Amino acid sequence: MAASIEPDTLSTPSIDPEEVAKFSAMAQEWWNPKSKFAPLHKFNPARLSYIRQVLCTHFKREGVDKPLSGLKLLDIGCGGGLVSEPMARLGADMTSVDAGEANIKTAMVHAEEAGLTIHYRHGTAEQILAEGGPEQFDCVLNLEVIEHVADPMRFLDDCAALVKPGGVMIVGSINRTARAFATAIFGAEYVLGWLPRGTHRFNKLVRPGEIEAGLKTAGFNVHTPVGVSYNPLKDSFFISGDSGVNYLMVAEKPARD
Amino acid sequence: MSTHTSLQPDFEGDVVIAGGGLAGLTLALALHKAGLSVGVADGLPIDTQLEEIFDGRSSALAYTSFRMLDAVGAGVHLRPHTQRIEDILVVDGRPEDGVKAGGPGPFCLHFDRREIHPKDDGEPLGYMAENRHTRMALAKASEEAKLSVFAPDRALHMNAHASHADLHLASGKVLRAQVIIACDGKYSTLRDQAGIRTTGWSYGQSGLVCAVQHDQPHQGVAYEYFMPGGPFAILPLPGNRSSLVWTERTKAAEALQTMDIEPFHEALRARFGDFLGEVSLDSPRWCYPLGLKLAERFIDERLVLVGDAARAIHPIAGQGFNLGVRDGAALADILVEAKRTGLDLGSQPVLSRYERWRKTDSLALVAGTDLFTRLYSNDHSLIRLGRGLGMQMVDQIPLARRFFARTAGGETGDLPTLLRGEPLSV
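Going down the list, the protein sequences come from chains U and D. Here the first sequence stands for residues 1 to 257, numbered as in our numbering. Here the second sequence stands for residues 1 to 426, numbered as in our numbering.
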């Protein structure tokens, strides 16, 4: 999730056999609920549940086994694959991109161990667009990444271009509010120590309204954002109506007539 | 850990359950009905026809547990064989306090199911059922649901891999799933093989368990008498029968188990009183040492402990089976949600949610039961007075009575979907 120096070219890294042990150990770390990634594991179930619900409703899917079969999904800023792997298990045809090479290698090793097929690429949304052209994906997952990129609005445009007509984009981020500063930055980084200090910078945060404006310009129908709120008694997150801190937004690209 | 194993498994699915006892089969059916693929292995045949010699003991099923049996399709087969518990009478009594004559002691506490479920046909506080009937009802439900059952075939050991785990059975069969659930009881092999230690202690007391016949109808009332040697419970069975849990110092309990029938009847009458008329033994006598056994962890790599494998608790509060059901209902919520969202069912983030949820509940119950045992198996006059006054206070306050009645019914804390009586599916 931390900001990375963007790679010069899009690539599918090959992993040196000598590196496998190292990346396998890093994967263990990503998937360990007691590691520094603990907050992500607490956060993950609520957003996965929401994403599944949105996709099943939008694409009129139901059923227990692999409801997302045949859908092409792009996960931008995939990290260790905490969202990509569940989506692949639900049947999605996954392409997952991250600007951090170590993240991509870690994710590749873990997916291989889990027996999942995911197309992992080291690179950026801009490079995916340059390589394959627009309108490649039924859904673009743009989760906890826009607050880390250099030019958020251009990044949003690139992501928007990648969505097929009739497809959907899901954006998740942290709001730029006093409360978000108090909880998601000061609380999570300085008081609870959940995230490394400096993970999020306040002036880099993006408001839902700014994303809405950007996506409307790109021709999307944007839904009201939902919140992802923390319940301290249950020590877990849930989808709420409060988008003042963590939020998720759904935007649909109209189908061509 | 290896990624690939060459051998072809005999079953491959989401979940494999080792142990098809009451807790294991209930959970297996719940997951199966919710849409997961489940395999179950048990060392004994899972049969719809069982003789009394299989297990003549009875258990109290909290009303929330029965909701889960209903949800998995076993309740309909079991209900005709159950006795509803309409009232619970808790009596702090010693023979010289008048219990000999069957009357209550100076302090008593009365719970009436109508206080929490007022409708004429409302849920009782609990149900009494013979264990074999519960097992037969679950076997019937398993047959109807076409559950994948491997029995009689004992689970020997498991191997955890990066993406799955294999359970090896005595027959040589291999069952493969993302997660293995150990429902293999107090002496769980899988728990011990995983190196999960248990802590526990015993009370130097044993519970004599048997069924009795009596002349007068019990009206669905359960009695719990607190005596210096330990609690004495009379739990209503169908007809003019009751199940007894008679707790004494271990030596005394063992003597009661082995003594001839005539002196036993004499001792029984002295303790039981005559408020239900003439009483006589109507089953074998079983004797169990009272103790607690708690696993230090409830999870390991691709392994979850459920029921007695996680924590064995002595029969004082009749909560053993109910705890197993509650474990299962909580785990069902977590695994179904994980399946719905595409998570690896055996991964630590998923399994640790189960551990967090159940460990708090277990510790509270273990501590409560322990305190209860020590407080009530005590004849110090001040303690007797204190507990008597406490009971009197609860008895005077309707809100407190309803709270304890719901607690006895298992309706406390963070209640899983199936115990709320709601459907669960992916």
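These are calculated hints, taken from the structure and not from any lab test. Just so it is clear, the structure is predicted and the values come from calculations on it, not from any experiment. One or more of the hints may lead you astray.
[What the hints assert, rightly or not] Looking from chain D toward chain U, a few residues come up when the C-beta cut is under 10 angstroms (computed):
#	residue
1	His157
2	Ala160
3	Gly342
4	Leu343
5	Val350
6	Leu351
7	Glu411
8	Asp414
9	Thr417
Virtual Cβ for every residue (Gly too), placed ideally from N, Cα, C.
Do the hints match the structure? See the list:
no.	hint	verdict
1	His157	violated, 22 angstroms
2	Ala160	violated, 12 angstroms
3	Gly342	holds, 3 angstroms
4	Leu343	holds, 5 angstroms
5	Val350	holds, 9 angstroms
6	Leu351	holds, 9 angstroms
7	Glu411	violated, 18 angstroms
8	Asp414	holds, 7 angstroms
9	Thr417	violated, 14 angstroms
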